[in-house]
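> The lines below spell out each chain.
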Amino acid sequence: MIRCVIELFGMARQLAQAKEIELELAPGATLMDLLMALGRKAPALIGRVLAPDSRGLTPPYSLNLNGQAFIRDLESQPKDGDHILIMLPAAGG
Amino acid sequence: MASYHGRLLHVDLSSGKTKVEPLSTPFLKSYLGGVGLAVRLLFDYSSGGIDPLSPENPLVFASSAFTGTMVPTACKHAVASKSPLTGFVGDSLSSSFWSLALKRAGYDAMAITGACDYLSYLFIDDDIVHIKKAAHLAGKGCLETEAAIRRETGDDRVRVAAIGPGGEKGVLYASISNDMGRRAGRTGMGAVMGSKNLKAIAIRGTGAVTVADLEEVQRLAERLYRRSQETGTEKYRILGTSGNVLTLNRLAALPTRNFQQSTFDEAESISGEYLYSHHLARVVACAGCSIACEHVYRVLEGPYAGTHGRLDYESLFALGPLCGVGDAPAVIKAAERCDHYGIDTISAGGSIAWAMECFEKGLLTKEDTGGLDLSFGNGQAVVEMVKRIGQRQGLGDLLADGVKRASARLGRGSDHWAMHAKGLEIPGYEPRSLKTMALGYAVGTRGACHNRSSAYEIDLSSQVDRFKGEAGRGALAAAQEDFVAVMDSLVLCKFLRRCFDDFYQEAANLYTLVTGLEITPTELRIAGERITNLKKAFNIREGWTRKDDWLPPRVFRDALPTGVAKGVHLTEEELNLMIDDYYRARGWTGDGLIPKAKLEELGLSEIAQTIGA
Numbered sequence: 048m049i050r051c052v053i054e055l056f057g058m059a060r061q062l063a064q065a066k067e068i069e070l071e072l073a074p075g076a077t078l079m080d081l082l083m084a085l086g087r088k089a090p091a092l093i094g095r096v097l098a099p100d101s102r103g104l105t106p107p108y109s110l111n112l113n114g115q116a117f118i119r120d121l122e123s124q125p126k127d128g129d130h131i132l133i134m135l136p137a138a139g140g
Numbered sequence: 376m377a378s379y380h381g382r383l384l385h386v387d388l389s390s391g392k393t394k395v396e397p398l399s400t401p402f403l404k405s406y407l408g409g410v411g412l413a414v415r416l417l418f419d420y421s422s423g424g425i426d427p428l429s430p431e432n433p434l435v436f437a438s439s440a441f442t443g444t445m446v447p448t449a450c451k452h453a454v455a456s457k458s459p460l461t462g463f464v465g466d467s468l469s470s471s472f473w474s475l476a477l478k479r480a481g482y483d484a485m486a487i488t489g490a491c492d493y494l495s496y497l498f499i500d501d502d503i504v505h506i507k508k509a510a511h512l513a514g515k516g517c518l519e520t521e522a523a524i525r526r527e528t529g530d531d532r533v534r535v536a537a538i539g540p541g542g543e544k545g546v547l548y549a550s551i552s553n554d555m556g557r558r559a560g561r562t563g564m565g566a567v568m569g570s571k572n573l574k575a576i577a578i579r580g581t582g583a584v585t586v587a588d589l590e591e592v593q594r595l596a597e598r599l600y601r602r603s604q605e606t607g608t609e610k611y612r613i614l615g616t617s618g619n620v621l622t623l624n625r626l627a628a629l630p631t632r633n634f635q636q637s638t639f640d641e642a643e644s645i646s647g648e649y650l651y652s653h654h655l656a657r658v659v660a661c662a663g664c665s666i667a668c669e670h671v672y673r674v675l676e677g678p679y680a681g682t683h684g685r686l687d688y689e690s691l692f693a694l695g696p697l698c699g700v701g702d703a704p705a706v707i708k709a710a711e712r713c714d715h716y717g718i719d720t721i722s723a724g725g726s727i728a729w730a731m732e733c734f735e736k737g738l739l740t741k742e743d744t745g746g747l748d749l750s751f752g753n754g755q756a757v758v759e760m761v762k763r764i765g766q767r768q769g770l771g772d773l774l775a776d777g778v779k780r781a782s783a784r785l786g787r788g789s790d791h792w793a794m795h796a797k798g799l800e801i802p803g804y805e806p807r808s809l810k811t812m813a814l815g816y817a818v819g820t821r822g823a824c825h826n827r828s829s830a831y832e833i834d835l836s837s838q839v840d841r842f843k844g845e846a847g848r849g850a851l852a853a854a855q856e857d858f859v860a861v862m863d864s865l866v867l868c869k870f871l872r873r874c875f876d877d878f879y880q881e882a883a884n885l886y887t888l889v890t891g892l893e894i895t896p897t898e899l900r901i902a903g904e905r906i907t908n909l910k911k912a913f914n915i916r917e918g919w920t921r922k923d924d925w926l927p928p929r930v931f932r933d934a935l936p937t938g939v940a941k942g943v944h945l946t947e948e949e950l951n952l953m954i955d956d957y958y959r960a961r962g963w964t965g966d967g968l969i970p971k972a973k974l975e976e977l978g979l980s981e982i983a984q985t986i987g988a
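Chains as they are written, first to last, in this note's numbering: chain A, 48 to 140; chain B, 376 to 988.
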C-alpha cells in the first residue's frame, strides 16, 4: 500500500472540515484513483471540488504535487509519501 | 454608435473653464475605454518630462463601452496620469457607483488639467460643472469627505471620489477613493489630485446608457451573470482573495518579512480561512457586479475593537506577512487606516517592511522612529506607521515617498532590500519562486504589478516550471499583458475571466452588440497590444531605458531560505534571457524600444515619428 496526504485549502477545507486527509492506495494507483478515494472519504467535496463522478476536479481547482509542480495528467501515479495539494489558483487581489 | 457618448469633459482648474470635446468613433474603438482610453488621452494632453505634481500633469478619468449597461462587473473607471511615485505611466482602476455616475452624466472621459488656487472640489451635475470651495473638508478622511459632500448636495444620486489626508499631503502613493471603500489604489493618482488642490469630484449623472441590440445584450449578460455564480468565482464570493495566503504560503510564494522569506510561520492566523471564521462582517458588491468579492472584516474585542477594515489579498499580505505580522486585528486596523488616509496598502506595507528591516539592521534607531519599536511582527507599529505616513510625520515623511526614494536618501546599502520595480513596490507574489511573474514585474509599464501582468497565472499552472527562468516566457507574459489590457479597457472585472469559453470571441461579440461597432476577435486582441505598446511609448517619452526593466538586488543575491523554494533565487542571466525573449515576442528592439514599423502596424503612426526606433 502507498500512503498519500491530501492537503486542502480554502473552500475545499471548509467543505471537508479538514486541512489534510490521509489516504491509503494500492500500488500503481493513479491520481484519478486517489480522487475517487477522496470522494469516498469526504463526500462533501463531490460536485463542488471533485467532479460529480469523482474522476476529476471541478474547474478551476487544480492539483499540485508536493508544493512543486501542478499536475494535469490524472493517469500519473503518486509515490508513497507524496502530498497532493488541491487548490484554487491564486489570483488577485 | 451606442453606449459611448463621444464626449470628453475637459476641466482646466487654473482658469476655471470647462469644455466638451468630441471623441470620434474610430478613436473610441481603437482604445475601447477604461485604461486604454485614459492612457491615450493622458499621452495627448501631456508632454514628456513634466513634473507629475505640477499643474501641467493631466489627471484623466475614463469610463468604458460596458459601463452602465447590463453587462455584469462592468461598472468601472480608469484613472491615468504621470505617476509621481515612478515617473512613468500611472494607471489605476476603481469601480462601483461613481463609475456609473460618470457615464450617466454623459461623458466617456474627463481630463483635468491645471490646479486650483485653494482646496476645492468639483461637482459635475450632468452638463453643468461647478468648482466649489473645500476648505471645510481639509484633513478629512476619504469616507468622511464622501459622506460630507453627499450630505451637502442632499441627493443620493450624487457619488463622490475623494482623496484623504494622504493625498492632500502628497504621499506619493496616495489613492483616490469612491463609494465608501473602492479605490484607484496604485501609482499615486491621489497625490496628483492633491497637487491640484482637488479634494473630491462629485458627480450626479441622470442620463441613460443605450445599447445597440438590447435583446441580445440582455441574453448574453444573463448568461455571463449565471456563469459568474458558478465554481469559477466561488473563491472570490466566499473567502475572497484572502484565500491566497495559505495557498501561496504552501507554494513558498508568500513574501514575508520584506521578501527575506517566502513562507510565514503565522500564516494560519492571518489566512482567509481564519478571517472568514473569526472576523467577517459582510461581503459587499460593486454596482452592477454579480460576484461580490469585497470582504469587510470587523474586530470585536481588544485594543482595536470597533474596527471595520476591507481586506483583499494584497492589503492582507502587505500589512501582514510582509511586515511579519500575524495579528489579524492589527492588520484589519492598519487597512482601515490606509482607507482613511487614502494611501495604497501595497506601497504602504512595502515601505514599512523596508523600514523594519532597516531598524533590525540598525540603520534606523528608536530616535529615528520616534520611540517606536519597528521590529518585524509588531502589528501596533504597523498601525502607527500608517498614520505617520498619511500625515507625513516623522519617519512617515521618508516612507511617504516610497522605498526607492527612501533607500536613496538613507543609503548604507538599503537599496538591497528596497523591493520595487521602477519605484512601485512589489506585490504579494514572490518573484524568485514565480519566475514568469519576475519577468512581468520587471517589464511592467507601471512598475512591479501583478494586476497589469497576471504572469503569476502562468507560473501557477502546469504550463511551465515556475522555478526556472527560460525561453518562451516572453510570449506568454506578453499575451497575458495584452489580455489584461483588453479587460481593463472594456472594462470587465478580472474575476470574470474564467466565465468565458473563448474570451476574445465572446468579448468581441458583446462589444459589437453593445456599441453597434463591429469588432473581430483579432481586432480586439490587437487593441490590447496597441494599449500595452502605448503605455510603453509613454514611458519611452519619459526617458525609459532597458535598465529600468529590472528587479532589486535581493532577488538575485538572496536565496529563499524555507519551504519548497529553499535555495532558489533568480539569476541575472535568467532575467536577461526572459527580458530578451519578451522584447522579441513584442517585436521590439534588443534595447526594448519600439520600432516605427511596429507602432504604425498598431495604428500609432503619429507616435511613431517621435518615439519609434
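Quick caveat, the hints were computed from the structure, so don't treat them as lab data.
Predicted model only: the values in this text are computed from it and were never measured.
One thing to keep in mind: the hints can contain errors.
[Stated by the list, open to error] In silico EDC-like cross-links for lysine to aspartate or glutamate, where the CA-CA straight-line distance does not exceed 16 Å:
(1) A:K66 <-> B:E648
(2) B:K971 <-> B:D923
(3) B:K971 <-> B:E981
(4) B:K941 <-> B:D640
(5) A:K66 <-> B:E643
(6) B:K507 <-> B:E643
> Report the numbers of all earlier hints that the structure fails to satisfy, in ascending order.
Structure breaks hints 2 and 6.
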